[in-house]
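Assemble the whole structure, with the sequences as input and the hints as a guide.
Number of protein chains: 2
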Amino acid sequence: MNEFDLIAQYFLPLTQGRPEAMNLRDDAALLSVPQGMQMVISTDTMNQGTHFTTDAAPANIAHKSLRAALSDLAAMGAEPLCYQLAIAFPQKPDPAWMAEFTAALLEDQQAFGVFCSGGDTTGIQGGVLSISITVIGLVPNDKAVKRSGAQDGDALILSGPLGDAFIGLQILRRDLHSDDDAYFTRAYFRPQPRFDLVPAMRVHAHAAIDISDGLIADLGHICAASNLGATIHLDHIRYSEAAQKLIEKGGFDYKNLLSAGDDYELLLAVPENAVAEIMKHHPSAMQIGTFSSRHKGVVMIDSQGHSVPFEDSGWSHF
Amino acid sequence: MNEFDLIAQYFLPLTQGRPEAMNLRDDAALLSVPQGMQMVISTDTMNQGTHFTTDAAPANIAHKSLRAALSDLAAMGAEPLCYQLAIAFPQKPDPAWMAEFTAALLEDQQAFGVFCSGGDTTGIQGGVLSISITVIGLVPNDKAVKRSGAQDGDALILSGPLGDAFIGLQILRRDLHSDDDAYFTRAYFRPQPRFDLVPAMRVHAHAAIDISDGLIADLGHICAASNLGATIHLDHIRYSEAAQKLIEKGGFDYKNLLSAGDDYELLLAVPENAVAEIMKHHPSAMQIGTFSSRHKGVVMIDSQGHSVPFEDSGWSHF
Chain A
155 MNEFDLIAQY
165 FLPLTQGRPE
175 AMNLRDDAAL
185 LSVPQGMQMV
195 ISTDTMNQGT
205 HFTTDAAPAN
215 IAHKSLRAAL
225 SDLAAMGAEP
235 LCYQLAIAFP
245 QKPDPAWMAE
255 FTAALLEDQQ
265 AFGVFCSGGD
275 TTGIQGGVLS
285 ISITVIGLVP
295 NDKAVKRSGA
305 QDGDALILSG
315 PLGDAFIGLQ
325 ILRRDLHSDD
335 DAYFTRAYFR
345 PQPRFDLVPA
355 MRVHAHAAID
365 ISDGLIADLG
375 HICAASNLGA
385 TIHLDHIRYS
395 EAAQKLIEKG
405 GFDYKNLLSA
415 GDDYELLLAV
425 PENAVAEIMK
435 HHPSAMQIGT
445 FSSRHKGVVM
455 IDSQGHSVPF
465 EDSGWSHF
Chain B
155 MNEFDLIAQY
165 FLPLTQGRPE
175 AMNLRDDAAL
185 LSVPQGMQMV
195 ISTDTMNQGT
205 HFTTDAAPAN
215 IAHKSLRAAL
225 SDLAAMGAEP
235 LCYQLAIAFP
245 QKPDPAWMAE
255 FTAALLEDQQ
265 AFGVFCSGGD
275 TTGIQGGVLS
285 ISITVIGLVP
295 NDKAVKRSGA
305 QDGDALILSG
315 PLGDAFIGLQ
325 ILRRDLHSDD
335 DAYFTRAYFR
345 PQPRFDLVPA
355 MRVHAHAAID
365 ISDGLIADLG
375 HICAASNLGA
385 TIHLDHIRYS
395 EAAQKLIEKG
405 GFDYKNLLSA
415 GDDYELLLAV
425 PENAVAEIMK
435 HHPSAMQIGT
445 FSSRHKGVVM
455 IDSQGHSVPF
465 EDSGWSHF
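Going line by line, the protein sequences match chains A and B. For the first sequence, my numbering assigns the number 155 to the initial residue and increments by one for each residue that follows. For the second sequence, my numbering assigns the number 155 to the initial residue and increments by one for each residue that follows.
Just so you know, the hints here were simulated from the structure itself, not pulled from any lab data. Heads up, a few of these hints could be off.
It does not matter which identical chain is used: a pair holds within one copy or between any two.
Unchecked claim - Straight-line Cα separation of at most 20 Å, SDA-like style, residue types lysine to any residue; simulated pairs:
| no. | residue 1 | residue 2 |
| --- | --- | --- |
| 1 | Lys246 | Asp335 |
| 2 | Lys450 | Leu292 |
| 3 | Lys399 | Glu157 |
| 4 | Lys246 | Asp262 |
| 5 | Lys409 | Leu388 |
| 6 | Lys399 | Gly307 |
| 7 | Lys297 | Asn177 |
| 8 | Lys403 | His435 |
| 9 | Lys246 | Gly203 |
| 10 | Lys399 | His435 |
| 11 | Lys409 | Pro294 |
| 12 | Lys297 | Gln189 |
| 13 | Lys450 | Arg179 |
| 14 | Lys434 | Leu178 |
| 15 | Lys434 | Glu254 |
What follows is the structure, encoded as C-alpha cells:
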C-alpha cells in the first residue's frame, strides 16, 4: 500500500463525500463562506513523546488531536466546519493503526459536525509521529469572542471542573494511582470542546480562552490582552467528584491543578448580570473570580481572603 | 527564551500587523472573505531528512516550505491571502537559525502578498524538524480550476522548463556535478509559484495541477480526474539552458526529469484556440501534448512518433 492507496482507503472516507474536499484529489479544498459570516482558523500540533506517550492508542491520539484543535474554535465563539489533517509517519503505518485512528476521527467528526477537507500525508525519516490539525470554523461578523474584551468588574467563569486531564496524564506517566484511572485518562485523551456554550458566549461573553496551557497562564493571557487583572477565589473552583476524592485522600496537592494544561474547559469574562443566565443553562459552569482594572495579572485568594503565592505559570515548549 | 518569547520575537513580525492574526495572541485567526469569493485551502508538510537535507540553510527551508504550499493555490487559479505555520523543533532553535528562517519567510510574504495568520510552535522530542504550512487563498465563485475539467482535444501546456529542481536535488546529494550548481540548487529550494498565470487560467484553463510529484504522475492525476488520456510529445518539452547543457554533455538521461518532482511548474488543459493567447503573455510556457478521450492514462511519443515506455511514475512516501 503506497501513500495514495493509504489516502484513498483511510483518509478519503473522512471527507464524508463533501464536495469541498474534492475527493482529496485536487491541489486544495474549496470552501464557501456564507454571507454575514467570518472564518475562524486555528492550528494545533501533537507530537509523539511530547504531547502523547509512545504507547498511546491510535484512537486516543486521534481524539486528543482533533478535540484540542476544535476547542480553539469554541473559545472564539465559532461553530466548527472542517479541518485539514497533516500527518507525518516515521514509518509506513500498519492497517490496524490506520483503521483505529481514522474510525476515532470519524466518530468525533460526527459528534462535532465537521469533515476532513484535506491535508498532507508524509514520511518523516528518523523522526516521530507528528499530527498537525488546522481547524476551520464560522462565526457571524463581529461576533467572535476574543481574549482582549474583558472589562472591569466582569465575572470570571470556568466552564467545568478543573484538572481531570492533568490527573489523567500523571496516571499515564505512572506518577499517580487512583480508583478512577479510566475516568481520568479518558479526560486526558478526550477533552470536550465546549461548543454547547457558544450561543451564550456570542450574546454575553466579553472575552474567552480555552485552558490548554493551565488556568493561571491562560487567565494571564486574557488579563494581558485586556489590560486588566483578575482575582481567583480558590474555594470557588469545583473539581470533579473523582478529583475531589483524590485531593481529600491526601498525597495530591490541588494547587498542581491550577497550572495544569490539557483541560480545554473555557474561561469566560461576562458581565455580572449575565452570570445567572449562564449558570441556568450550563450547570457545570462556575464563577471563580472577577476581573478588575485596579491591578494587573492574576491574584489568587483563599477562603480567608489571604493571597496565595504561586510560581509555575503554565506549560512552555522551551 | 521560552516558547512565548520565541513567538513574540520571531513569528509575530510575520503577521505584518494584520488584524486577522490578532497579534498571535488569540485562540484563532479571524478572516473575512469578500463577497463573491471562495476560500481555497491547502496543506503541505516538509520534514528534515525527507524533504530537505539536514544541512539545509534555514532560509532555504523557509523558501521551499512556503513556496511549495503556495504553488497549490496557483494550481487552483487562486490568489494567495495568508498561511498558518506549524513548526515542530527537536530542540530549542538558536536565534541565528530563527532570524534567517523568518527573514526568508518575510521576503517571500512580500513577494507573493501573503501574511502569517497563525500557527503552532511545538517541541518534538526525539524527532526531527517538521514544518507544516496551511495556505489560504481566494478565488471568485465557480472560477477555481480543478483537475477534473480537462476535455477531449485540449492542449497540454507546461508553464516552464522541466527538471531544474530535480537536478538541484541530485547536486545536493552529491550524485551529480554541473557548471551551474548554484542555479540548480536555487531552483530546488526556491520554486516559483506561478501566480502570474492565474488571470489567464481563470479565463482559459479547463484543468490545472502543479508538478510536485513529477510530470507523468501529476498529468496522470489530471487524466484520472478528467476521465481522459493524454499524449506527451517528448521533443516539445523544453529544458533550461543549464539543463540542456547537462543533457548534451551526456551522463544524464533526460527521461529522469519526466518523473521528477519539486518543480512546481503548472500543467494546464486549455482549448486549442487559447494556446496562442497564453503563449503570447507567458513565453516560458510550451504546449507539450494533447488530451484525448480515445485512450486512458499518459502516453509519451518521441520525435518519430514512436511510443516511449516508462516505469517510474512519481514520488510516494511509502
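State the violated hints by number, sorted upward, taking the hints as numbered earlier in the document.
-> 1, 2, 3, 4, 6, 8, 10, 11, 14 and 15
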